[in-house]
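**Q** Position chains H and E relative to chain W; hints supplied.
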Amino acid sequence: MMDTPIQTEVQTVYSRPDSLSRTPSHYCPGCTHGIAHRLIAEVLDEMDIREKTIGVAPVGCSVFAYNYFDFDWVEAAHGRAPAMATGIKRVLPDRFVFTYQGDGDLASIGMSEIMHVAGRGENITVIFINNAIFGMTGGQMAPTTLPGQKTTSSPHGRDVETTGYPLHMAEVLATMEGSGYVVRRSLHDPKNIRLSKKAIRTAFETQKRGLGFSMVELLSTCPTNWGVSVQEALSWLEEHMIPVYPLQDFKVSSALDGLKF
Amino acid sequence: MAKEFLEGNFAMAEAAVRAGVEAYFGYPITPQTEILEWMSHRMPELNRAFLQAESEVAAINMVYGAACTGARAMSSSSSPGVSLMMEGLSYIAGTEVPAVLIDVVRGGPGLGNIAPSQGDYNQLVHGGGHGDYHPIVLAPASVQEAIDLTVLAFDLAEKYRNICIVMADGSIGQMMEPAELPEMRPLRTITPDWAVDGCLDRPQRILTSILIDPTLEEIYNHKILDTWYRIQANEIRYKEYYLDDAEYVVVGFGSAGRIALTAIRNARAEGIKVGLFRPISLSPFPFPQLEELIKTTQGILVTEMNTGQMLEDVRMAVKGRVPIEFYARLGGIVPFPGEILGEIRRLVHEPKSPDGDPRRRWMQRLKDGVITLS
Amino acid sequence: MPVKGWIVVDEIFCKGCELCIYECPQHVMALDMERLTSKGYHPVTLVMEGCTGCGICAIVCPEAALTVYREAPIKTAKAAQSAAATTI
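Residue numbers (our numbering), protein chains in the order written: chain W, 1 to 261; chain H, 262 to 635; chain E, 636 to 723.
Rather than coming from a laboratory, the hints here were simulated on the basis of the structure. Given the structure is predicted, the values throughout are model-derived calculations rather than measurements. It cannot be assumed that every hint is accurate.
Quick partial rundown of chain W residues pointing at chain H, CB under 8 Å, derived from the structure [said to hold, decoys possible]:
| # | residue |
| --- | --- |
| 1 | Ala77 |
| 2 | Gly79 |
| 3 | Thr152 |
Partner residues are not named here, just some residues of chain W that face chain H (Cβ under 8 Å, in silico) [to be verified]:
| # | residue |
| --- | --- |
| 4 | Glu75 |
| 5 | Ile109 |
| 6 | Met111 |
| 7 | Thr137 |
| 8 | Gln140 |
| 9 | Met141 |
Ideal Cβ placement from N, Cα and C applies to all residues, glycine included.
Chain W on its own, in the form it takes in the complex (with noise of 0.2 Å):
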């Protein structure tokens, strides 16, 4: 028999999401926001969803976060994504509603609303994004800051005597009996990134099966306030980071036993 030629076709691997805008983001070159929107995005488009999307955006970095996707934002307070986020969802039930929110946002002035939304049990989903900043006003202290790290409003390093501890929001909150899917995951390198789109499709998925709160937190860089390279924030958020914030699933609804998707 002859050699037969093999047949090769031309395969897709990766093109940019339907669900982002056109519109080229302001943020850092190297920032990890940009990979948290693109998976957000992947996500919406697998599942397709983009027409039954409504996002909220924070104030922060991402403060414009609505320019670069292609579906349903509002703008809240800083803090109330997640009031602004339960008046969505009460009155429209049936759409997917998420919050977009960083660490001040969340964490600090918005510390109220995002515990009463887990206690409720809403049926939302926050994606989370912990750099241990304040990113946008330049770079202060977060209560997510590590001890020790210098920013600043905390121009000697956080003094854990006068400042306490970083707060673990996905620890507390998976805590709530409304909390169907509470995990932490990081931003770091590919494969994390792959894990990270899981959890973000798994928690969309919990909003679907309305099985209560989900929030997926995304350790992240900010190369610009922590005053490195992008590749060095990279190992920074590795060799600090993921010590203080360990990775792991701290709440996971057994209804999403054996979800495959």
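**A** Frame of chain W, contents of chains H and E only:
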């Protein structure tokens, strides 16, 4: 002390330090975060209290707590954060303890933007919190004035057991100018006789803003009203420029007043007899001085960076006796002197009447294209 | 037959952050220092043969600036049948 090239925010913060502030509680918000950042370094250096609160709501309540002990306490914020503080300010006023707040005003309403504006006038001057109370509100037009008024704020707050607010346009907070900081004052050594700091060798004291018996609440309201009238009698501040022979008067505060001054100098060079009346205390508002001034005035131009909040107070002073025209830039836009000069010329050369609504005439000019948003 | 891959960079999005360059297992990517995007960044480009179309660059790209293709053997029975049918 020597003049240095100082940023407004830094200067106000350091001025407060020199004035003897013992506690600073704040939260990041543009365009005043430099105050928080400087205090985060400076206050611990001097062994004084500093904390970045979890929110402006928490910050003003921390100020409330510290103020109740007799300590000189302050916060700083910008428009959306000041809105959050309104409940706390009402409580502070309802308890009659002194407190100082710096508001570096930005474009609004809502999240707005981070550009300079004067849109918080009503919120601060006419009391944004609930109930009857009157903060003292001081509006600087330069970094030096910002320094001087911040120091004054602590003295006035303590003298009257009142809230004193320094209302700086965003531009004042961000600009850098040569200015002089005062000498470092020693911290107070006396605790006020109303302060709550532990009843060692004395009967208990309680500081509260609840007066559940309306009879007592009425008496309290009269008490702070009397204080307000004493403040009005003693603490009006303003500056006059070229008013000796002025036929026309521009009224503007903060950056708007400062920009108008350049326009007025240009107008004077053209032979127009115009001067500037620049209120420094927005509360108490210089009503008596304005009323006196207009006796010799043919027309007034009010200019501010909001839709005419101070305009209403000027109209109250003028009582329809003299024509008033209005010019404003909104939403974070800062006017150029040329714009004000154009309005001065219009005031002088065009027909005018004390009747009608100056704001409507200004809006109509925009609609007709007589003036443009450029 | 080794899988051949290639990328297309949508330059309005690329900020030259170099995450893809850092993570590319084949080390075939680099910034094009001869050119600037309209935003003033040096965009990434393939600089040598060897791209396998693995897609890791696209996984780490914060701007979704990369489209990744690969030319791979068709493995389906139908394809093999049509391949056999075209031989003599």
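**Q** Given Met141/W as an interface hint, is the shortest Cβ-Cβ distance to chain H below 8 Å?
**A** holds (6 Å)
**Q** With chain H as the partner, please determine if Met111/W meets the hint condition of a C-beta pair closer than 8 Å.
**A** At about 6 Å, which falls below the 8 Å cut-off, the nearest Cβ of chain H leaves the hint on Met111/W intact, so it holds.
**Q** Against chain H, is Ile109/W within 8 Å by beta-carbon distance?
**A** holds (4 Å)
**Q** Mind checking the CB of Gly79/W against every CB in chain H and telling me if the closest is under 8 Å?
**A** holds (7 Å)
**Q** Given Gln140/W as an interface hint, is the shortest Cβ-Cβ distance to chain H below 8 Å?
**A** Interface hint status for Gln140/W: holds (5 Å vs cutoff 8 Å).
**Q** Go through the hint on Ala77/W and say holds or violated, using the shortest Cβ distance to chain H against 8 Å.
**A** With a minimum Cβ separation of about 7 Å from chain H (threshold 8 Å), the hint on Ala77/W holds.
**Q** For the hint on Thr152/W, just tell me whether its beta-carbon gets within less than 8 Å of chain H.
**A** With Cβ-Cβ at 5 Å, under 8 Å, it holds.
**Q** Do the numbers back the hint for Glu75/W, that is, is its least Cβ distance to chain H under 8 Å?
**A** holds (7 Å)
**Q** So, Thr137/W near chain H? Judge it on the closest CB pair being under 8 Å.
**A** holds (4 Å)
In summary, this structure violates none of the numbered hints.
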